[in-house]
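Visitor: Heads up, the sequence shown is in this note's numbering, so the first residue is 104 and it goes up one at a time.
Hints are computed from structural coordinates only; laboratory data are not their basis. Incorrect hints may have been included.
[Said to hold, decoys possible] Pairs of lysine to aspartate or glutamate, EDC-like flavour, derived with a Cα cap of 20 angstroms:
1) Lys239 with Asp413
2) Lys239 with Asp417
3) Lys239 with Asp425
4) Lys239 with Glu431
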Amino acid sequence: MSGDRPSPLVIERILRDRDSIWQQIVAERDLNVLTGRMLTSSAIALACYGAVLGFFHSPLMALTSALKLPLLFLVTLAICLPTLYLFNLVFGARLSVRQSLALVMVAITVTSMLAVAFAPISLFFLITANDYGFFKLLNVAILTLSALVGLRFLTSGMQVLNDHGLLAPEAANATVDVPANAPTPVQAVPAAVPVGATPVAAAAAGESAEPVAVPAGVALAELTANGAVTTAPAPAQVPAQWPGQPAGASFPPGMLPPGYVAQRPGDGRTARRGEPTQRPASMTLLYIWILLFGFVGTQLAWTLRPFFGDPGQDFAFFRSIDGNFYAEILRTIANL
């Protein structure tokens, strides 16, 4: 499965082929379409789960909860997204608004789909254990677990963008890739190699500070890690500089610079120079932003309540704003 042929269900593509999602976000390819699909699927899933929550009170409460639960997530996103984008700009990240929105929408999509997957369990306990306090805590736990999994996807996506150099200034994140089969330099013996000399004689000759004339195609001696002498064809032209040589000039064919460094095969590993040794500031701020997102979301949920509907009270679209979400959860646990 690839980004060019996505699954009909965007959540299936996110879960089965998440690498293509990250690559699409990195390349900013068809992000409007991708974000629109995630927005639609998330709204439908959250509306279904919201209806389950409201059915504890009445069908009318189920309808209002189906409207308010998607609104809760989208308004929280609208409040917190500018902060995430500005956090990245301040610390040199090169994320666009569309990339930031797509990343957060991946997290919300996973959260909403996982929550609606728990809907049958919630309905089961609604039918078999009709207790308001237990039902409320159960669904808060379901939404919390779903949100944690969704935010885990967000951090994974941010890490991929960091690997592509989008969370740090370009100069600070520059790396040099060395292929696995690249030779590793070892110091060879500088030698004066007369025309027609053998490779072994070249390695055994004394030091020389002058360029060495070597006919094109003559093999050069080089030392391996265990001291054995091997041969390699001499390059027809060695682009190098020596004292007094004009800038940009290269050695004539068949000439070697003084102190020529022979090379031996590498150890098969890929070296990477210049890798950042510490986590980018943008990744650290992402975790701070996640906490902020959670606090805003829970307070907004308290503002938009009721979602469940206390069976001892009449239907109301909104309740008066008093207390807070965390005090209510502690009070419910104490009552149990």
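Visitor: For each hint, tell me whether it holds in the structure or not.
Guide: Hints versus structure:
no., hint, result
1, Lys239 with Asp413, "10 angstroms, holds"
2, Lys239 with Asp417, "17 angstroms, holds"
3, Lys239 with Asp425, "18 angstroms, holds"
4, Lys239 with Glu431, "11 angstroms, holds"
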